[in-house]
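> Heads up: the sequence lines are chains A and B, in that order. Heads up: the first sequence begins at 1 in the numbering used here, then just goes up one per residue. Heads up: the second sequence begins at 1 in the numbering used here, then just goes up one per residue.
Please note that a few of the clues may not be correct.
No farther apart than 27 Å at their CA atoms in a straight line, the calculated lysine-lysine pairs in the DSSO-like style are these [to be verified]:
#  : chain 1 : residue 1 : chain 2 : residue 2
1  : B       : K87       : B       : K23
2  : A       : K41       : A       : K254
3  : A       : K233      : A       : K298
4  : A       : K197      : B       : K87
5  : B       : K7        : B       : K87
6  : A       : K254      : A       : K224
7  : B       : K43       : B       : K23
8  : B       : K62       : B       : K23
9  : A       : K254      : A       : K212
10 : B       : K190      : B       : K225
11 : A       : K235      : B       : K87
12 : A       : K121      : B       : K85
13 : B       : K194      : A       : K197
14 : B       : K225      : B       : K194
15 : A       : K121      : B       : K171
16 : A       : K197      : B       : K190
17 : A       : K235      : A       : K121
18 : B       : K87       : B       : K171
19 : A       : K136      : A       : K212
20 : B       : K58       : B       : K7
21 : B       : K171      : A       : K233
Bear in mind the hints are in silico, worked out from the structure with no lab data behind them.
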Amino acid sequence: MKAGSNLERVLGSGIFAVTGELGPPQSAAPEVIREKSRLLKGNVDAFNATDGQTAIVRMASWAACLIGMQEGLEPTVQMTCRDRNRLALQMDILGIAALGMKNILCLTGDHQSFGNHPQAKGVFDIDSIQFIQMAKNMRDEKKFQCGDEISVAPSLFIGAAENPFADPFDFRVTRLAKKVAAGADFIQTQIIYNVDKFARWMEEVRARGLHKDVYILAGVAPIKSAGAARYMKTKVPGMDVPDEVVERMAGAPKGEARRVGIDLCVDIINQVRQIEGVAGVHIMAIEWEEAVAEICEKAGLLPRPKLSA
Amino acid sequence: MIIAERKPLNEILDMIQGVEGIKELLVVGCRECVTVCFAGGEKEVAEVASALRIALNKEGRKIEIEEEMTQRTCENEFVDAISEKIKGSDAVLSLACGVGVQTIVERLPEATVFPGVNTTFYGRPTEPGIWNEYCAGCGNCILHLTEGICPIARCSKNLLNGPCGGSQGGKCEVDPNIDCAWQLIYDRLKAKGKLRNLEEIMPPKDWSTASYGGVRRTSRQDAQK
């Protein structure tokens, strides 16, 4: 065990893991997190609180995670290199670990030009791969990035993201390999709608044996409407939404788009679950956290295991 | 070279009008970088000067506009060569880069100098009328590791282990006009059969040689008097 988090224990036991995502509010309201936590509780093994996703100012991930933890959920703190240099990232890791949070997800972060403060100075002192390595060295070598020793090292289960749909496709597995070599314990992928392409990526992953070195959680997300599907297809960078997904959403009977979106998500979970090397799913129902219970129920992912520490 | 672009005329007018008592304004261009990137050469000096004459005249403000050129505004001797002209004016509108503006101020502490251009980056023209950034002046060149393509200047997140998940069709997610530097690096490595190089994790960069280590200075003993 690296850190002994619930997520690590579930993955280690070979049970198909389920993680969820929670978007912190653009306010100081703790009730929002508590309410969303209640929607996720019992349906996921751990939840991620995003860290200023799409570069919009929201409550800090670690703070939202702490509130979720108070509600009885296990958090995964998302951390980006966009807003913090190596000093700030390490300070936050110490704080997160001291508060009893173990899972972190190391990201480079969405560029500030996408958000609500496009005039901000982006940091990008280190990138996600260097960040993973730094976190691993803090845990395993008990060393800060500068080489100084840490008297009480943080206990961490280190996550990273990977997008199988970005270009160049041939490089995507190499990038995963780099993240694994850097020290990633688990991976949460970009949202999958093109299952065929994801399956091809997983083939490459298996060919390199990487599925044995890292737990891969397939990213999924329910779509609310045909318009949302079209938007993701054309406007969201790094997303691969095949025509049949848009068509299936467009074909939803009036008033039933959300049900069709949930069914589509369940179908994708069932498909990726069949792929060798997929250790779980990461359900990103941001601002639609109500959908998670239904998705998990329909996909036969409930009840979630209760493993003793 | 240093790339610059002309400030909008309104902004220049605001600067001039913010200072009282200007009767004579000297517009000074530079024959180096800003001439090559059409921001502050002889032609641009003439254009800005005549645009200012028209605009100021319209507003009923009587300011004499003179035109002047220097060879290299960033060097003392070339500023000194036009110092009398500067002293004879109430203010200077410099179309040189930010270095040039500051050289004039250092040589002639009494002078009032307005920047007439925005100094944008180190780059080059890639096609007629288009200039692109190529160097960030980070003080620690790694071009030999990245196939001659700089990820510090040309990757929007200055990644050392790219391309990130936002690389699509060879373009950067930040702007479709930006080529993904890491796709370019990947293509060159692939063509040379060296894709294995990309498996190596590049360590965190030492940014102390960039401006993050404090204001920079280069010294060379053999060039000193």
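> Enumerate the violated hints, using their earlier numbering and listing them in ascending order.
2, 4, 9, 10, 11, 12, 14 and 18
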